Amino acid sequence: MRLLLYSIIFYFTTMSVTAQNKPISDDAFICYNFALAMDKQGNYERAVTNFLKAYELDSSYSDVFKLIGLAYLKAYKFKDAIPYFEKAIEIKPDTVESYMNLGNAYYSLKDYKNAIKYYEKAIEINPEHRSAYRNLGNSYYNIHNNEKYLENFKKSARLGDIEIQNWLRTNGHSW
936 MRLLLYSIIF YFTTMSVTAQ NKPISDDAFI CYNFALAMDK QGNYERAVTN FLKAYELDSS
996 YSDVFKLIGL AYLKAYKFKD AIPYFEKAIE IKPDTVESYM NLGNAYYSLK DYKNAIKYYE
1056 KAIEINPEHR SAYRNLGNSY YNIHNNEKYL ENFKKSARLG DIEIQNWLRT NGHSW
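Start counting the sequence shown at 936; every next residue gets the next number (the working numbering).
What the hints contain is simulated information worked out from the structure, not anything from laboratory work.
Nothing here was measured: the structure is a model prediction, and the numbers come from that model.
Any given hint could turn out to be false.
[Said to hold, decoys possible] Each computed PhoX-like pair below joins lysine-lysine, with the alpha-carbon atoms no more than 25 Å apart:
1) 1048 with 1083
2) 1014 with 975
3) 1027 with 1012
4) 1045 with 1022
5) 1014 with 1048
6) 1083 with 1056
7) 1022 with 1052
8) 1056 with 1045
[As the list claims (entries may be wrong)] Simulated restraints on C-beta separations:
9) 1044 with 1104: 30 to 36 Å
10) 1108 with 962: 51 to 57 Å
11) 1059 with 1097: 22 to 28 Å
12) 995 with 1060: 37 to 43 Å
13) 1101 with 991: 25 to 31 Å
14) 976 with 1027: 45 to 51 Å
15) 1021 with 1110: 31 to 37 Å
16) 1026 with 1105: 39 to 45 Å
17) 1079 with 1055: 15 to 21 Å
18) 1107 with 971: 44 to 50 Å
Using N, Cα and C, we set each Cβ at its ideal position, and we do this for glycine too.
Generate the whole structure from the sequences, applying the supplied hints.
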């Protein structure tokens, strides 16, 4: 019953908020959950504002930096995403996903050398991360390093990447 009441209050609170890009509340939990809802609806700017407010009110919401970076990636604001992924890495330096996301931001900007740097860091943390090898291979492909892109595609295939396995097979390569 209590959960239902909170859900109803949250619903009406979110519905009554104006279209201005201001934090919804001075309560970290409400800001954080509202930001998640805004992100899911594709309202990335409102999501960012409320993620930042949640962190300002309660620094235990440190995952907001990764979430802000992801919101900017989804909004195709790749340059804006970079400092938030860097902050996420500063807070939790052993999180593979933050390195992957930072690599993805650089890849989307066609900055393949920086993308390579962060994909390699992700692999350093988790040598079994097949997407990291795939993305690393794609980055090497884009800078015309055939030896390195094939090497990384083969590693991705050995780790079970079916798409890459099919691509390698179709193009006459074993793994």
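How the hints compare with the structure:
no. : hint                       : verdict
1   : 1048 with 1083             : holds, 13 Å
2   : 1014 with 975              : holds, 21 Å
3   : 1027 with 1012             : holds, 23 Å
4   : 1045 with 1022             : holds, 22 Å
5   : 1014 with 1048             : holds, 15 Å
6   : 1083 with 1056             : holds, 16 Å
7   : 1022 with 1052             : holds, 17 Å
8   : 1056 with 1045             : holds, 18 Å
9   : 1044 with 1104: 30 to 36 Å : holds, 32 Å
10  : 1108 with 962: 51 to 57 Å  : holds, 55 Å
11  : 1059 with 1097: 22 to 28 Å : holds, 25 Å
12  : 995 with 1060: 37 to 43 Å  : violated, 23 Å
13  : 1101 with 991: 25 to 31 Å  : violated, 47 Å
14  : 976 with 1027: 45 to 51 Å  : violated, 27 Å
15  : 1021 with 1110: 31 to 37 Å : holds, 34 Å
16  : 1026 with 1105: 39 to 45 Å : holds, 42 Å
17  : 1079 with 1055: 15 to 21 Å : holds, 18 Å
18  : 1107 with 971: 44 to 50 Å  : holds, 46 Å
Of the hints listed earlier, those the structure fails to meet are numbers 12, 13, 14, in rising order.
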